[in-house]
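Here the structure of chain A is known, so what remains is to put chain B in place on it, guided by the hints.
Chains A and B supply the protein sequences, listed in that same order.
Note that our numbering numbers the first sequence so that position 63 is 704, with each residue one more than the last.
Note that our numbering numbers the second sequence so that position 68 is 609, with each residue one more than the last.
Because the hints were derived from the structure by calculation, they are not lab data.
Since we're looking at a predicted model, the values are computed, not measured.
One should not assume that every hint holds.
Said to hold, decoys possible - Beta-carbon label-pair distances, calculated as ranges: (1) Asp711(A) <-> Ala552(B): 53 to 59 Å; (2) Ser563(B) <-> Val659(A): 58 to 64 Å; (3) Asp712(A) <-> Leu584(B): 56 to 62 Å; (4) Leu553(B) <-> Gly692(A): 56 to 62 Å; (5) Val618(B) <-> Gln830(A): 30 to 36 Å; (6) Gly888(A) <-> Val618(B): 36 to 42 Å; (7) Gly715(B) <-> Gln841(A): 53 to 59 Å; (8) Phe610(B) <-> Gln830(A): 33 to 39 Å.
Said to hold, decoys possible - Stretch by stretch, here's where chain B covers chain A in the computed footprint (C-beta under 8 Å, at least three residues): (9) 672-680; (10) 739-752; (11) 895-904.
Using N, Cα and C, we set each Cβ at its ideal position, and we do this for glycine too.
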Amino acid sequence: MTDSTRQLQQMARRRQAVHGWLLLSPALIMLSTFAFYPSVATVWTSLWSRGTRRNPSEFVGLENYQRLLDDPTFREVAWNNLLYAGVTIPVSIVLALVMALWANAKIPARGFVRTAYFTPTMLPMIAAANIWLFFYTPGFGVLDTIGGLFGAPSVNWLGQPETALWAICAVTIWKEAGFFMVFYLAALQTIPEDLREAAQIEGASRWTYLRRIVLPLLMPTTLFVLVNALINSVKLIDHLFILTKGGPSDSSKLILYYIWESAFAFFDAPSAAAMTVLVLIVLGVGAAVQFRMLDRRTHYR
Amino acid sequence: MTGWMRHAEAALAVLVAILWISPLVFAVWAAFHTPTDAINFNLTAPWTLENVRTAWGGAPWLRYFLNTFLLVTLVLVGQFFFCTLAGYAFAQIDLPFKDTLFLLVLLQLFILPEVLIVENYDVAARLGLLDTVLGIGAPYMASAFGIFLMRQTFKSVPKELDEAARIEGCGTLGVLWRVYVPAARPTYLAYALVSISTHWNNFLWPLIVTNSDTTRPLTVGLSIFAAPENGVNISAISAATTLVVAPLLILFLVFQRHFVQAFLRAGIK
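Excised from the complex, chain A in its bound form (with noise of 0.2 Å):
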């Protein structure tokens, strides 16, 4: 090779290279605005006091995080966190899977079988939440008025501690269920009609079958609507706006409500920001999981 030609060959890799980096910097430039600036802001601005006009903020290193663990509200929030996600998302997924085998099975009306359990997913929480406020208030709404039929006494939903959180679970697996029967249902569609023969041949009941054949080859699709699920139980906030706005005395507040009032009703950014990185690093975890689903995705296609 001779000079001439290897000096073009790097004249037109430097080139590439160049264009490379004029294609990619819009996205990097907003990325770096709007998500990775602001997540090491957030680290930033937690480790430091909350400032007043006499008392100008200073590091204090992690007291941040060491208040918010003395905080009964924030563990009584953190608490209430765990239980809506250990119910909505076990609960939805479930539910999720029944509808798909129902979708996908020769019943008649599949049509609108499917219509019905995908439709939630297309409204805004805030319009779910509204249709649900109907249901829940106390004395002339729906539950009551169906209660009421069976000799049930009137039951306050969304006003007592007792039953505000469940009511707030509802609709979001009202809301969520669907949407992960669609993932599933295409899964189902993947399977080959052989195996169902092949195990009736066997004499292989539809349980075993069920058991045995559909669900590990639904496990990829299992993961995935997991982290997606995961997710959801850190954004699906909206309908506490509506419903419950956190109460009655907090039990139904849930984490990102919880930062929101921080921040911009209480002015409290550092204890917002503490909270902030905490959600952040449980996200974490499961970003670790994602990409290693996201890479078998790759070799899919």
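Quick look at chain B alone, frame taken from chain A:
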């Protein structure tokens, strides 16, 4: 399995479907009946437009519709622009540190804009984006998932098409525009449907960034209209809710197959 059980199961599936859709159907029904009739389940009661009239007069809905429309369009155009360019670079151009950079981009899948509200508010304030439609949309434009999706799609475009276009004299951007973008049309459509339905429905960040009727999207407008302090009766709230969800819902029911396919193709928002 016996035929009897199969029928029972089908009946159960339909029953759950009816149960699942009934809250929405009830809300739509209540929107057109007086509060007393709605509360008492009076199925034979006459229909009325009174609630719709009350709801329509109670808030600047046209403005909210316009804002949501602008927001959804702006986010979509931004996402197409940023994700196409970045996705193309990640898919087809040799760069030092490309893989590390891509991993860094994917991190954003978990640093949700929803979680970063506190610092993003500061960023938006410093950029003068508070109470603007651009301010609502900006954090979502360079979406890591969009970049990932476009990269995957561009990677599957045959290399021969690329080379043919280069021989014809296309530059880097020319190849992108003439070969890759047309080949990715189904992905764009899927991504658009998911993006539109996500941002039509988004609430928390718009609530924080906006503080006037000239920028508020429908969801924020609806939450203000339905606030208990406002003292609107539940039928008017149902009417307003129906009004807000109707456009997207009708679009969904008409193009149902496309929507479901779109969510499969571009499942994470």
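The hints, checked one at a time:
1. Distance hint check: the CB atoms of aspartate 711(A) and alanine 552(B) are about 55 Å apart, consistent with the given range 53 to 59 Å.
2. Between serine 563(B) and valine 659(A) the CB atoms are about 60 Å apart, so this pair conforms to the stated range of 58 to 64 Å.
3. For aspartate 712(A) and leucine 584(B), the hinted distance range of 56 to 62 Å is not satisfied, since their beta carbons lie about 50 Å from each other.
4. The supplied range of 56 to 62 Å is met by leucine 553(B) and glycine 692(A), whose beta-carbon atoms lie about 60 Å from each other.
5. Checking the proposed 30 to 36 Å range against valine 618(B) and glutamine 830(A) shows it holds: the Cβ atoms sit about 34 Å from each other.
6. Checked against the hint of 36 to 42 Å, the pair glycine 888(A) and valine 618(B) passes, with Cβ atoms roughly 40 Å apart.
7. For glycine 715(B) and glutamine 841(A), the Cβ-Cβ distance of about 57 Å falls inside the hinted range of 53 to 59 Å, so the restraint holds.
8. Separated by about 35 Å at the C-beta atoms, phenylalanine 610(B) and glutamine 830(A) satisfy the suggested range of 33 to 39 Å.
9. Coverage of the stretch 672-680 of chain A by chain B holds [criterion: at least 3 residues with CB-CB distance below 8 Å; count 8].
10. Counting residues of the stretch 739-752 of chain A whose CB lies closer than 8 Å to any CB of chain B gives 7, which reaches the minimum of 3, so the coverage claim holds.
11. For the stretch 895-904 of chain A, the assignment as covered by chain B holds, since 4 residues bring a beta-carbon within under 8 Å of that chain's beta-carbons and 3 suffice.
In this structure, only the earlier hint numbered 3 is contradicted, and the remaining ones agree with it.
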